[in-house]
Amino acid sequence: MKIVIVIVRVLLGLPFLIFGANAIHPFMPMPPMTGDSGTLLTIMMHHGWFVFIGALYAIAGILLLLGRYVPVALVLLGPILVVILLFHVTLSPNELAFPVVLTLFEVFLIYAYWPAFRGIFAAKVI
Amino acid sequence: MRIVVTGARIVLGLVFFVFGLNIFFSFFTTPVPAGDAAQLIALMFSHGWFKVIGTLEVLGGLLLLSGRLVPLGLTILGPILLVIVLFHSTLAPGGLAAALFWMLMELYLIYAYKSSFESVMDPNAKPSLGRAKKDESAKEDESAHQESA
Chain A
6 MKIVIVIVRV LLGLPFLIFG ANAIHPFMPM PPMTGDSGTL LTIMMHHGWF
56 VFIGALYAIA GILLLLGRYV PVALVLLGPI LVVILLFHVT LSPNELAFPV
106 VLTLFEVFLI YAYWPAFRGI FAAKVI
Chain B
1140 MRIVVTGARI VLGLVFFVFG LNIFFSFFTT PVPAGDAAQL IALMFSHGWF
1190 KVIGTLEVLG GLLLLSGRLV PLGLTILGPI LLVIVLFHST LAPGGLAAAL
1240 FWMLMELYLI YAYKSSFESV MDPNAKPSLG RAKKDESAKE DESAHQESA
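If you're matching them up, the sequences are chains A and B in order. The first sequence begins at 6 in the numbering used here and counts up by one. The second sequence begins at 1140 in the numbering used here and counts up by one.
Hint data in this document are derived by calculation from the structure and do not stem from the laboratory. Backbone N, C-alpha and C fix where the C-beta goes; we use that ideal spot for every residue, glycine too. Possibly wrong hints are sitting among the right ones.
[To be verified] Computed beta-carbon distance windows for the label pairs:
hint: 1; chain 1: A; residue 1: Gly43; chain 2: B; residue 2: Lys1265; range: 34 to 44 Å
hint: 2; chain 1: B; residue 1: Ser1254; chain 2: A; residue 2: Ile8; range: 30 to 40 Å
hint: 3; chain 1: B; residue 1: Phe1184; chain 2: A; residue 2: Glu100; range: 19 to 29 Å
If we strip away everything but chain A, and leave its shape as in the complex, we get (with noise of 0.2 Å):
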């Protein structure tokens, strides 16, 4: 078993470090932007957004390849991959898939390092 939540933490990890870098410094070609995908991708980008994205993406995927604090990585992560899957569900459903693979990962990690998210759902009051 833990040679498979490594396997993931890196399929998870390496992804966002790559997509992060790009964010921050475009390598790789971008797709058309087009519609109203297009138009939010743009106002998003021309404010500087991406770069801040890119920074949180290259941070957990630097935490999940590293081992080092991943479920500080799966925190970051939880809210940036349910606006991704919200933002390809409106947007632009045909590249639904990889998004997807990435929430299962994610959700898979959320539940192999359990413990470390107990004290969050601790129904205490102070």
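Following the hints, position chain B against chain A.
Below, chain B without anything else, positioned relative to chain A:
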């Protein structure tokens, strides 16, 4: 100190509960931004994003108000607040002061509930999956060893 924590919890919870419900029921009108901010909001609105965001805001707000699962509420509201601050700092600076104020309140509450977040922040967190059995047998070995000693 407890009263300050409770106060912050109620105020932040109420803000998200009310603004989240307002997305669905429009009790009051929120200031309409101009330019790129307006275009971004319009796109998000027309594709149903605000229904998702509104649901999460109501849920996070309710968790803070109820005092149950407050760390989960803070975990839900954290990224939403981060994007609100990002939105106002880049596209609609008029609302930045308010956004930063709510962010500070969120950070204060995370600090107040920091014991709940300690395990997430553990640098050497190890996966537990597939290890539980080994741990138990290790414990048994240990206790057997102690008994024999």
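Comparing the hints with the structure gives:
Distance hint check: the CB atoms of A:Gly43 and B:Lys1265 are about 43 Å apart, consistent with the given range 34 to 44 Å. Between B:Ser1254 and A:Ile8 the beta carbon distance is about 33 Å. The supplied range of 30 to 40 Å therefore holds. In this structure, B:Phe1184 and A:Glu100 meet the distance hint of 19 to 29 Å, their C-beta atoms being roughly 23 Å apart.
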